[in-house]
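Colleague: Please arrange chain B on chain A, whose structure you already have, making use of the hints.
Protein chains in written order, with our numbering: chain A, 1 to 400; chain B, 401 to 701.
Because the hints were derived from the structure by calculation, they are not lab data. Some clues are possibly wrong.
[Unchecked claim] Facing chain B, a subset of chain A residues (Cβ under 7 Å, in silico): (1) Ile-213; (2) Pro-217; (3) Arg-220.
[Unchecked claim] Sample of chain B residues lacking proximity to chain A, with all beta carbon distances greater than 12 Å (derived): (4) Leu-459; (5) Met-476; (6) Ala-496.
[As the list claims (entries may be wrong)] Derived DSSO-like pairs: lysine-lysine, alpha-carbon spacing no greater than 30 Å straight-line: (7) B:Lys-536 - A:Lys-201; (8) B:Lys-405 - A:Lys-171; (9) A:Lys-254 - A:Lys-382; (10) A:Lys-378 - A:Lys-223.
Note that CB positions come from ideal geometry on N, CA and C, so glycine has one too.
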Amino acid sequence: MKKITIILSLSLAMAICLWGSGTWAEDVRGVTNNEVKLACLVDFSGPGKYAGPPLALGAETYIKYVNDQGGVHGRKINLIVEDNGIIPPTTLAAAKKVIFKDEIFAIGFNLGSSGSSAIIPLCEENKVVMMPHGANKRFYNPGNKWVFVPYSTQFNMGSRAVEFILEQDPKARIGIIYQDDDYGIDGLNGARAAAEFMKIKLVEEAPYKIGTIDMSPQMRMMKEANVDWILAWTYLPQTGGIMKEKVGMNWDVKVIGANTTAYRQIFPILGDLAEGYMAVTPYVPWEDTPQRTQDILQKYGVLEKVGTSPFPAPMFFGAWTYFAAMVEGLKQAGPNLTPETFVKGLEKVTNLDVGGMCPNVTFTPKRHVGYFSSLVVKADAKNQRFHTISPIKDPKTPQD
Amino acid sequence: MIMEKIIDIIFSGLSMGAIYALVALGFVLIFKSTGILNFAQGELCMVGAFICYYFATLLNVPYLISILMAIALGAMLGALIDVLIFRRLVGEPIYATIMVTIGLASILVALTGLIWGHDTYSIRSPFIGKTIVAGKMVFAQASLATIVVSIVLFILFIVFFNRSLLGVALKGTAEDSDTAGLMGINVKKMHMLAWTIGALVAGVAGIFLAEQSFVHTGMSHTGIKAMSAAILGGMESLGGAIIGGIIVGVVESFAASYLSGLEMGGFHFGDIKDVAAFAIMILVLMIRPHGIFGKKEVERV
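Isolated chain A (complex conformation):
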């Protein structure tokens, strides 16, 4: 009798423990009755480490905001922020760590195109939804069941840039300086597609290797081709090099770049030379942040930090947007959360307003990219800020 009592007591204790951890309810990795684990993979130690802290802060702030509202279907979100070092080998190691050791349910944000490509097979094998940042067209075309992109890709923005130029000057002679990697080539392909659609030709294309800062050869090529607009699918240092060369050549050419340069850091780097620089981006300038979003930031004590130059506010809102899309997917999936119901839930996300900072997000079973649209901003060096000069809109060039 005593033996039976001990066995029953132990069984009851085990049952209580299992109930507490939630595995009693269902065996879904990263999901219990009161918690869902999501991962945010950003770079703290690699070439993109400047982006890590603002991205992590954006993700953490949004998740705090959601948890304070009670989470999703009674589950609080446990956010695991991990360093992915941005390059493929370290990203793969980080993804393995969060999937197998931390046992996350989904990767709400992964910084880096090539690193994202590297972890797609792992995500497919383990049924992990992943949202790549620094996304390319190939992430939504032909598309992948487990990959969702709540962001404009470089292809979309390259098209938008060409169309914007032609709106300003239908006879524009356009040249492009691009980084010879996934990021730059996607922008180049978008620009080429728009040029073909608008029945013009890019008059010059000048690549550079990642890490190059001396832009004088590329600028000489542009000058020799007699372009009057330069598309700069570059990062901040290279954009700085282009703007310096432009002034050094005493050349009044117009320069328009990608979202990666629509940051306030451009002002300390370039000073007055930044004046008139334009960029295509999905995010409105910080100064135009809607009051309702500023109120949330105020509540969580980050308003001053995000609003102070040169904090890269678009990065903060990048991670914010990704997790907003992910949380909406969790809501749409319902309380019975599995990888399959989550994918279906994300595919139901329609016209999601993510705080008025960027275009609304819509996913469908056939389209896992949140939007194609973007806006154009122009640098005001004197006031060290960007102004919107062309509102959020889709490119006319076919994007699928």
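Modeller: Chain B in isolation, oriented as in the chain A frame:
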């Protein structure tokens, strides 16, 4: 039009070449005096740029004073490196000293990143964004300043080494430190002086490089190209270092201008610019193994 383009390419090459030449000068000076091949020369160049950025941009100190502070602190760093590390390594096997300089390079990059961060910064210089227009030609003031100041520095160095007592003593130590010691020259002091001047010229090169582009930890890679310029000129010759630097700068500039944009099967010929310095070095060394101005050492038996 073609003539203008060629002048533009040569001008651009000369301004980069002057920077390579300054760094190469430091290489040769340290190597000749101490027998140490300093792989941290590019990092000394980077530190000079960061110190100038710190004073000129962050503290808003007048530019000329910022330059002088950067040069003085850079030179002191060179002396400190000699006293703390390399004084103990004179005469040690070359692989040991090379590894120490490589380690030193990594430490300097890490410390610089720790103090100022790994981002890209801009130096506040009165030359940035200013040009001089001569007919149809446009010259950037920053590049012009680099060329002019470098020429003045080269002349000063030549006068110093040939006319001043200290310069002759340093040259004597570089030629034969044992004999120099027997002649009453304080060899340790001369080694320290070589490190001081080596770091000083590297610092000046760093400031010029920052003016033409930006301040960032990656700028230390210039050191490797400057080393190829020093080897090209002949590691034993100060004049060779200057000529080697200029050759590398001008060839790079021509390669960048005439090869950029050419593509074959996904390979961009413009990338050759980055290896041009090494390609010339290999070609010259195949014909003259001791470099353009280097002399074959003849040992009497």
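Colleague: Please list, smallest to largest, the hint numbers that this structure does not respect.
Modeller: none
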